[in-house]
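Asks: Sequence:
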Amino acid sequence: MIQISGIPFQLNENWQLGSIEKTIIQEMQNAPIFYSYYSEYELLFELQVRKNIIQSAKEMNKSQAEFTTFAHARCNPKYWQLTRAGGFLLRPDVRPADAILDIFRNSSLYAFECATAIPIIYYHAILNSIGRNSFNSLFRNLYLYSWHTDTDLGIITFYSNHLLPGDVVYVNNPDFDKKTPWFRGVNAVLLEDGRLFGHGFNIRTSEEMIELLNETRKPDSQQSAYVTKLVTRPSFKYLFRAAGSYRNARAYKMQRPIVHHSKSSISYAHYLYYSI
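1081 is the number of the first residue of the sequence shown in our numbering; add one for each residue after it.
Worth double-checking, as some hints may not be accurate.
[Claimed, not checked] Below, in silico cross-link-like pairs of lysine to aspartate or glutamate (DMTMM-like), each with a Cα-Cα straight-line distance of 25 Å or less:
| id | residue 1 | residue 2 |
| --- | --- | --- |
| 1 | LYS1258 | ASP1232 |
| 2 | LYS1138 | GLU1287 |
| 3 | LYS1309 | GLU1101 |
| 4 | LYS1259 | GLU1291 |
| 5 | LYS1333 | ASP1232 |
| 6 | LYS1259 | GLU1146 |
| 7 | LYS1317 | GLU1120 |
| 8 | LYS1309 | GLU1272 |
| 9 | LYS1138 | ASP1300 |
| 10 | LYS1259 | GLU1288 |
| 11 | LYS1142 | ASP1300 |
| 12 | LYS1142 | GLU1272 |
| 13 | LYS1138 | ASP1173 |
| 14 | LYS1309 | GLU1288 |
| 15 | LYS1343 | ASP1178 |
| 16 | LYS1158 | ASP1173 |
| 17 | LYS1317 | ASP1257 |
To be clear, the hints were calculated from the coordinates, so they are not data collected in a lab. For clarity, every value in this text was computed on a predicted model and none was experimentally measured.
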């Protein structure tokens, strides 16, 4: 159910919503939990970003960016510096928006693993939601490595039985073959039709992803891969406030420590474990 300032939500007929936004609203209304917002603008912002996350995932699916491990990561040196750990550090003479767009425009120059793919999708979707000026102001010192993100992205993760299009889920493969550890799981964006996009796996149903992961298990495995209840998403409300006040952004803001771990395809919860 959706509430705006404590009042049950009624769809404004003047809103020009596409099929994806309408699907998200319907899923929210049918949910056994409350989705509460201070204003209609806050709700509209989340709908827009969720739609753009889905569209960015579809664009990455069509791109020529390859799936690989950190040891073999590649990026366009015109925009990024490739670190020894396999991360992409924004060049000091490059605007953040230009660098993110280049990953999609010159995708054949890039290779990264599936955890790194999700922040890339998030940044691309937010850029398409708030525009270049706001994006360049908020995300000045980008570093793409696994789940490391700018604090203004406000990523949250939790366990839930209820998903919304644009959420990221984790497909776990507990008996992955140690010879191919990059198949330990898949971080995947839930699309509006219920299918999933995972970098390196393309767009598939959850059953198809599980079947592919099961083919990579150790020979004596007795446990199937499965879709966990772990849900990861940006903090849409925090982003809404941050984007609205970017002109007063601080010259310096606290950043999360970078945790280099070299393990491909881990969940955000797994990444947070390394940062403790």
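Asks: Give a verdict on every hint.
Replies: Comparing the hints with the structure gives:
1. Between LYS1258 and ASP1232 the alpha-carbon distance is near 36 Å, which puts this suggested pair outside the 25 Å criterion.
2. Between LYS1138 and GLU1287, the direct Cα distance comes to roughly 19 Å. Compliance with the 25 Å bound is thereby established for this hinted pair.
3. Of the supplied pair hints, the one linking LYS1309 and GLU1101 holds, its CA atoms being roughly 23 Å apart against a limit of 25 Å.
4. For the hint pairing LYS1259 with GLU1291, the CA-to-CA distance comes to about 19 Å; that is within 25 Å, so the pair holds.
5. Of the supplied pair hints, the one linking LYS1333 and ASP1232 holds, its CA atoms being roughly 9 Å apart against a limit of 25 Å.
6. With a CA separation close to 20 Å, the supplied pair LYS1259 and GLU1146 stays within the 25 Å bound.
7. Distance restraint check for LYS1317 and GLU1120: the Cα-Cα separation of roughly 12 Å lies within the 25 Å cut-off, and the hinted pair is therefore satisfied.
8. Restraint check for LYS1309 and GLU1272: the C-alpha separation of about 18 Å stays at or below 25 Å, so the hint holds.
9. At most 25 Å may separate the alpha-carbon atoms for a hinted pair to count; LYS1138 and ASP1300 exceed this at roughly 35 Å.
10. Between LYS1259 and GLU1288, the direct Cα distance comes to roughly 22 Å. Compliance with the 25 Å bound is thereby established for this hinted pair.
11. Distance restraint check for LYS1142 and ASP1300: the Cα-Cα separation of roughly 35 Å exceeds the 25 Å cut-off, and the hinted pair is therefore not satisfied.
12. For the hint linking LYS1142 to GLU1272, the alpha-carbon distance of about 17 Å falls within 25 Å, and the restraint holds.
13. A C-alpha spacing of about 29 Å is found between LYS1138 and ASP1173, which places the hinted pair above 25 Å, so the restraint is violated.
14. Proximity of LYS1309 to GLU1288 is assessed by CA-CA distance (about 18 Å); at most 25 Å being required, the pair is judged to hold.
15. Annotation: proposed proximity of LYS1343 to ASP1178 is violated, straight-line Cα distance about 28 Å (limit 25 Å).
16. The hinted pair formed by LYS1158 and ASP1173 meets the criterion: a straight-line CA distance of about 10 Å does not exceed 25 Å.
17. For a cut-off of 25 Å, the pair hint linking LYS1317 to ASP1257 is broken: about 40 Å separates their Cα positions.
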